[in-house]
Amino acid sequence: MELTTQQIHKVEEYLNSKNFGFIDLRVEILDHIISDIENFMQKNISFENAFAMTRIRWEKHFRETSSFYFGMFFSESKIVVKKAIKQFRSFYFLYLTAYILPVLIFKLFPVNATVGFANFVNGFLLSFSAVMVCYVVYIFIKTIVSKQKTTFSFILKTQYFGIIFLILGAVLGTVFNEEGELNPIFTGFVSAGFAVVFICHYFFKKHQEAIQKYKIS
Amino acid sequence: MGNQKLYKGSLQTIILKLLESNDKMYGYEITQHVKELTKGELQITEGALYPALHKLEADGLLDVEVAKVGNRLRKYYKLTENGTKETANKLAEMQEFLKTMQHLVNPKFSLE
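Each protein sequence line maps, in turn, to chains B and S.
Residue numbers are given in full-length UniProt numbering: position 91 of the first sequence equals residue 91, and the series is strictly consecutive.
Residue numbers are given in full-length UniProt numbering: position 72 of the second sequence equals residue 72, and the series is strictly consecutive.
In short, the hints are calculated from the structure, not lab data.
It is possible that part of the hints are untrue.
Claimed, not checked - Computed cross-link-like contacts, EDC-like style, restricted to lysine to aspartate or glutamate with a CA-CA straight-line distance of at most 20 angstroms:
id, chain 1, residue 1, chain 2, residue 2
1, S, Lys-68, B, Glu-38
2, S, Lys-39, S, Asp-63
3, B, Lys-60, S, Glu-46
4, B, Lys-205, S, Glu-81
5, B, Lys-86, S, Glu-86
6, S, Lys-55, S, Glu-96
7, S, Lys-55, B, Glu-209
8, B, Lys-206, S, Glu-57
9, B, Lys-215, S, Asp-63
10, S, Lys-78, S, Asp-59
11, S, Lys-108, S, Asp-63
12, B, Lys-86, S, Asp-59
13, B, Lys-86, B, Glu-209
14, S, Lys-85, S, Glu-20
15, B, Lys-213, S, Glu-65
16, B, Lys-206, S, Glu-65
17, B, Lys-213, S, Glu-86
18, B, Lys-206, S, Asp-63
19, B, Lys-213, S, Asp-63
20, S, Lys-17, S, Glu-81
21, S, Lys-39, S, Glu-29
22, B, Lys-205, S, Asp-59
23, S, Lys-35, B, Glu-179
24, B, Lys-86, S, Glu-46
25, B, Lys-86, S, Glu-57
26, B, Lys-107, B, Glu-179
27, B, Lys-86, S, Asp-63
28, B, Lys-215, S, Glu-65
29, S, Lys-8, S, Glu-96
30, B, Lys-213, S, Asp-59
31, B, Lys-206, S, Asp-59
32, S, Lys-8, S, Asp-23
Work out the full structure, taking the sequences as your base and the hints as a guide.
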């Protein structure tokens with residue numbers, strides 16, 4: 001038995017009440033819930049009862065949850081967080097490596113440069129970092145303005161704060177000190193900052209692709 | 001039903017195998033098919049299914065197609081060329097794993 005447009009509308013209202021506007025998941029979650037209801041109705045159960053039973057089954061997937069990968073301040077429906085973890089896990093390790101590796105390498109093998117070269121690198125990193133910070137601000141504004149929610153925009157939301165590393169490493173501090181010695185901690189900050197920019201760029205593209213793909217739907 | 005944890009690591013292989021035998025499928029259909037094939041022993045939860053399907057799609061192993069069915073939209077998944085190759089690899093890995101487990105759980109002693 002197929003649901004009527006009015007009954008489907010009730011299911012959509014249920015998803016709205018759960019604040020489930022993630023367009024990359026919504027089409028198939030809606031279809032799945034409707035199929036569940038139709039399955040119950042085939043056993044001669046009324047729409048109201050079938051819908052109530054289906055809601056009980058789905059409640060756990062919409063429960064707000066957070067993850068170690070994104071920090072406890074960011075929570076979303078469990079199904080969204082699960083998808084986000086699967087998409088983000090490898091980037092989390094990239095982020096950690098980008099910080100830890102330069103710190104370890106330059107602690108073990110200190111680098112000294114001429115003052116002229118050190119000033120050139122510091123100046124270049126400052127300008128480049130400023131451009132990168134502006135790019136992340138652009139991504140932030142674009143995502144907010146589009147008002148579309150995807151799992152990727154959730155991941156993005158959790159990553160913006162990481163840009164602080166770039167500000168600390170290249171804008172507030174310097175990679176080389178006045179004597180031309182490389183500072184491993186600041187180098188790690190800059191490297192982690194660039195990793196954050198790359199992650200933001202990657203998930204922003206994914207977010208835009210998802211909007212393009214599901215806009216018609 | 002009590003073995004759900006044992007199946008957890010094999011979810012991607014299960015999905016790929018089903019799509020290999022069924023051309024294209026949608027999420028609900030996959031859960032029902034698995035339930036039917038395993039006589040209810042394995043029940044894939046939606047919370048595990050969709051993140052896994054989307055990961056396979058992101059890895060380029062699955063292609064998607066959205067079609068209007070009745071008065072709603074439905075998202076179908078099918079294997080890409082890479083997905084077909086990966087299915088063969090995953091199934092070979094699975095066979096090897098099952099063989100090893102068989103040796104461990106039920107060793108055959110011989111005097112040779």
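Status of the hints after comparison with the structure:
1. With a CA separation close to 17 angstroms, the supplied pair S/Lys-68 and B/Glu-38 stays within the 20 angstroms bound.
2. Pair hint S/Lys-39 plus S/Asp-63 does not hold up; C-alpha atoms about 29 angstroms apart against a cutoff of 20 angstroms.
3. Between B/Lys-60 and S/Glu-46 the alpha-carbon distance is near 10 angstroms, which keeps this suggested pair within the 20 angstroms criterion.
4. For a cut-off of 20 angstroms, the pair hint linking B/Lys-205 to S/Glu-81 is broken: about 24 angstroms separates their Cα positions.
5. Simply put, B/Lys-86 and S/Glu-86 have alpha-carbon atoms about 18 angstroms apart, close enough for the 20 angstroms limit, and the pair holds.
6. Using a Cα cut-off of 20 angstroms, the hinted pair S/Lys-55 and S/Glu-96 is violated, with the two alpha carbons roughly 24 angstroms apart.
7. At roughly 15 angstroms between alpha-carbon atoms, S/Lys-55 and B/Glu-209 fall within 20 angstroms of each other, so this suggested pair holds.
8. In summary, the hint linking B/Lys-206 to S/Glu-57 is supported, as the alpha carbons are separated by about 12 angstroms, within the 20 angstroms threshold.
9. Between B/Lys-215 and S/Asp-63 the CA atoms are separated by roughly 18 angstroms; this keeps the pair inside 20 angstroms, and the hint holds.
10. For the hint pairing S/Lys-78 with S/Asp-59, the CA-to-CA distance comes to about 13 angstroms; that is within 20 angstroms, so the pair holds.
11. Using a Cα cut-off of 20 angstroms, the hinted pair S/Lys-108 and S/Asp-63 is violated, with the two alpha carbons roughly 44 angstroms apart.
12. Using a Cα cut-off of 20 angstroms, the hinted pair B/Lys-86 and S/Asp-59 holds, with the two alpha carbons roughly 11 angstroms apart.
13. Taking the CA atoms of B/Lys-86 and B/Glu-209, the gap is near 18 angstroms; set against the 20 angstroms cutoff, the hint holds.
14. Under the criterion of a C-alpha separation no larger than 20 angstroms, the hint pairing S/Lys-85 with S/Glu-20 is consistent with the structure, at around 10 angstroms.
15. Between the alpha carbons of B/Lys-213 and S/Glu-65 the distance comes to roughly 10 angstroms, so the proposed pair stays at or under 20 angstroms and holds.
16. Annotation: proposed proximity of B/Lys-206 to S/Glu-65 holds, straight-line Cα distance about 18 angstroms (limit 20 angstroms).
17. At most 20 angstroms may separate the alpha-carbon atoms for a hinted pair to count; B/Lys-213 and S/Glu-86 exceed this at roughly 25 angstroms.
18. With a C-alpha separation of about 16 angstroms, the suggested pair B/Lys-206 and S/Asp-63 falls inside the 20 angstroms cut-off, and the hint holds.
19. Taken as a hint, the B/Lys-213 and S/Asp-63 pair is honoured in the structure, with Cα atoms around 12 angstroms apart against an allowance of 20 angstroms.
20. Proximity of S/Lys-17 to S/Glu-81 is assessed by CA-CA distance (about 14 angstroms); at most 20 angstroms being required, the pair is judged to hold.
21. A C-alpha spacing of about 15 angstroms is found between S/Lys-39 and S/Glu-29, which places the hinted pair at or below 20 angstroms, so the restraint holds.
22. For the hint linking B/Lys-205 to S/Asp-59, the alpha-carbon distance of about 15 angstroms falls within 20 angstroms, and the restraint holds.
23. For the given pair, S/Lys-35 sits about 69 angstroms from B/Glu-179 by alpha-carbon distance, which is inconsistent with the 20 angstroms threshold.
24. For the given pair, B/Lys-86 sits about 15 angstroms from S/Glu-46 by alpha-carbon distance, which is consistent with the 20 angstroms threshold.
25. For the hint linking B/Lys-86 to S/Glu-57, the alpha-carbon distance of about 12 angstroms falls within 20 angstroms, and the restraint holds.
26. The hinted pair formed by B/Lys-107 and B/Glu-179 meets the criterion: a straight-line CA distance of about 17 angstroms does not exceed 20 angstroms.
27. Between the alpha carbons of B/Lys-86 and S/Asp-63 the distance comes to roughly 18 angstroms, so the proposed pair stays at or under 20 angstroms and holds.
28. Restraint check for B/Lys-215 and S/Glu-65: the C-alpha separation of about 14 angstroms stays at or below 20 angstroms, so the hint holds.
29. Only pairs whose Cα atoms come within 20 angstroms are accepted, and S/Lys-8 paired with S/Glu-96 is accepted, the gap being roughly 18 angstroms.
30. For the proposed pair B/Lys-213 and S/Asp-59, the alpha carbon gap of about 17 angstroms is at most 20 angstroms, so the pair holds.
31. Restraint check for B/Lys-206 and S/Asp-59: satisfied, since their Cα atoms lie roughly 13 angstroms apart, inside the 20 angstroms limit.
32. Between S/Lys-8 and S/Asp-23 the CA atoms are separated by roughly 23 angstroms; this puts the pair beyond 20 angstroms, and the hint is violated.
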